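Just need the whole structure built from these sequences, with the hints factored in.
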Amino acid sequence: MEILYQNLLAFDRYDLIMIAIGCLLVYLAIAKEMEPSLLLPMGFGTILVNIPFSDALVGPIQELYHAGIANELFPLLLFIGIGAMIDFGPLLSNPKLMLFGAAAQFGIFFTLCMASIFFPDFRDFFSIAIIGAADGPTSIAVANKLGSQYVGAITVAAYSYMALVPVIQPPVIKLLTTKKERLIRMPYEQKSVSKLTRILFPIIITIVASAIIPQATALIGFLMFGNLIRECGVLESLSGTAQNVLANLITIFLGISVAFNMTADKFLQLDTLLIMGLGLIAFIVDTAGGVLFAKLLNLFSKKKVNPMIGAAGISAFPMSGRIVHKMAQEEDPQNFLLMHSIGVNVSGQIASVIAGGIILNIAAKLMGG
Amino acid sequence: MNFLTNTAVNLEFNPMAFIDNLKYMGVGMLVIFVVIGIIILATKLVNYLFSE
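Order-wise, the sequence lines are chains A and B.
Just so you know, my numbering puts 289 at position 289 of the first sequence, and the rest follows in order with no gaps.
Just so you know, my numbering puts 47 at position 47 of the second sequence, and the rest follows in order with no gaps.
Hints in this document: simulated from the structure, not taken from any laboratory.
Here the structure is a predicted model, which means the values were calculated and not measured.
Ideal Cβ positions, reconstructed from N, Cα and C, are used throughout, including at glycine.
Incorrect hints may have been included.
Unchecked claim - Partial list, computed: chain A residues near chain B (C-beta under 8 Å):
| id | residue |
| --- | --- |
| 1 | Leu99 |
| 2 | Ile117 |
| 3 | Leu183 |
| 4 | Ile184 |
| 5 | Asp332 |
Right, dumping it as structure tokens:
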């Protein structure tokens, strides 16, 4: 009998709060369908690691963490799957769309400055800034590579806000655009893209980005490797595996092993609340950056763009692209922005990875590496 | 675990840090536009050379 109540008495209020947070993540994943593939394993993992004397923490979860997150392997492998899922066709038809992807990374660097006000260690405020990449694997890889103590909080913030993109983006877009601007139509001109172009594109991006920012080589390289498998035309089976089996398997391992950092002593801090707030700022400023850049271009361009497509430059793919299209349809059912917004959205994926490399590059110089 | 003590150790409030780190914002956005600009040019070139 003694063994029963001794173990039960080992629970303190912080363990119970963390278990409640784990249950909340599971609830949001199932009931609200918020990034369920990641929030559910992360939530359940949170429950596992916060049970006193849990053999899951110092055991399988710790082993998985060191096998796949501490060495950035899981996020990179997931990038192969993501690369295999992305069709760069709309972007190749109109490469200028990539400018919006670049502009929408403004939130990362703005948040870097904001976070530096509260977090003295540059490894922490650089890592927090990367929440603005709106891309879970990039956030995990960068925060982990920099050795930030806030990997858990950063991961939760990144994935939570990615799931909340339909709530965060529309009010910001409406606030920054007039009805007249939202009604701007952008006829889509279908341009054929040759197979050779589709094959060369991932190779060129890898070489260009890696040559300028070597710290981005792994991130961009694995993403583009996945895309090359998709586009080469001779690896249909591998492409299918990367898009489905590999991506699903890694997502399960990634989610549950991120929970290694979700123990009360690491997570239950005011710092975490602050990181969640800064993450929200990052997403808002990303959106604003893209929209305002589109408005700026309109000042100098004869062919006006609908500034809403700038908002799709954040990496949350494909949700952000779809939201912009939906907003345009609500204003004018005959306005079809989907191909443009998806083109901008995939450019955001590329730009966010490059931004991650830039952050790592600057950090390496600060560390003297 | 001590919630408040840990927080006090890790956090500070230094508004001047925002100004000090603006240089990273400038460098970061400049580099990202340069890299994306080169990729756009390369993509246009490939499109031009290998269009169907």
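Hint by hint, here is what the structure shows:
Against a cut-off of 8 Å between C-beta atoms, the interface hint on Leu99/A holds, since the closest Cβ of chain B lies about 7 Å away. A least Cβ separation of about 5 Å between Ile117/A and chain B falls short of the 8 Å threshold, and the interface hint therefore holds. The beta carbon of Leu183/A comes no nearer than 28 Å to any beta carbon in chain B, farther than 8 Å, and the hint placing it at the interface is violated. With 8 Å as the threshold, the beta carbon of Ile184/A stays out of range of chain B, its nearest partner Cβ sitting at about 22 Å, so the hint is violated.
The beta carbon of Asp332/A is not positioned within 8 Å of any beta carbon in chain B (closest approach about 29 Å), and the interface hint is therefore violated.
Hint violations for this structure: numbers 3, 4 and 5, all remaining hints satisfied.
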